[in-house]
Amino acid sequence: MDRNRLHNQVASMRRSLFDQGYLDDQFIQLEELQDDTNPNFVQEVVTLFYNDSTRLIQNIEQALNSRPIDFCKLDDYMHQFKGSSSSIGAKKVTNECTAFREYCNAENAEGCIRSFQQVKQEHAILKRKLEVYLQTVRQASQTA
Amino acid sequence: MVMAASETKFHVLAVDDTLIDRKLIEKLLKTSSYQVTAVDSGTKALEFLGLNNNDHQDVEVNLIITDYCMPGMTGYDLLRKIKESSSFKDIPVVIMSSDNIPSRINRCLEGGAEEFFLKPVQLSDVNKLRPHLMKRTQTNVNKRKAMDEIVSPDRTRARYNELEVN
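Which chain is which? The protein sequence lines are A and B, in order. Each residue of the first sequence is one higher than the one before, counting from 1 in the numbering used here. Each residue of the second sequence is one higher than the one before, counting from 145 in the numbering used here.
Chain A on its own, in the form it takes in the complex:
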């Protein structure tokens, strides 16, 4: 009963992602938008997010390394980052972005640097979890 096992695995992983606060309702919106005309919609959006956010992370790193720090530019990058992460339902990542922007508004460089480590960490954790989850979803649908 490989198929049942895989489907159970998918359901369990999915539940865990929501229960542990990695994903919120917006991710469900993405799932609901996936249909026969767009069978890979969720994966496509997630991929777009990771391509986009990788670029933003590099920009933010650069901005944090320059002296003096341009807090306006930093906030602008983080605004984009936060927008994208909330668009895919990446709850923890979005929360860390909010925390970062608070340090940014206060022009607290150390706070920004620390907070950014958290953003990157959550970003990486979710990336790994989503990769595994979406791979399992694919396997389960192929074993139909």
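Treat the hints with caution; some may be incorrect.
[Said to hold, decoys possible] Straight-line C-alpha distance at most 20 Å; calculated SDA-like pairs for lysine to any residue: (1) B:K167 <-> B:A182; (2) B:K167 <-> A:N38; (3) B:K167 <-> A:N95.
Hints are computed from structural coordinates only; laboratory data are not their basis. Quantities reported herein were computed from a predicted structural model and do not represent experimental measurements.
With chain A's structure known, arrange chain B on it following the hints.
Just chain B now, kept in the frame of chain A:
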């Protein structure tokens, strides 16, 4: 003379500088049976409408949904340009933003926006668009009827076939 509603798809012009959000809003609109054109800036939106040149535009747009925060021309700037144009001021405009700032929301609504959606936009938001489109279509039908009667009575029949929506 009467067209079935399913044959008429409203055409929505979506404007957002972020690729992910553009993809999302496009999918949301298509799922709701709208025809969609998505562009990444206010400038491109105006070009699409034909506002940047004097050529008569053939494109029919029934609603414009735009992001607020965009480099160059903001959603508010775009809203004002639409409302100040004689050809397009009657097209309903909806603004989206990830920031919940009451003064911004008020400004947009006072500037002529029909709705202000907080991002991420969901299907329930897109469902709110239809009344604005239905109302607008009826207004256009009434306006054109009145105009045609003044211009040339025998040309009105063909026009009615295109415009009537149940």
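Here is how each hint holds up against the structure:
1. B:K167 <-> B:A182: Given pair K167 (chain B), A182 (chain B) holds - Cα atoms ~8 Å apart, limit 20 Å.
2. B:K167 <-> A:N38: Status holds; Cα separation ~12 Å.
3. B:K167 <-> A:N95: violated (23 Å)
The structure does not agree with numbered hint 3 stated previously, though it agrees with all others.
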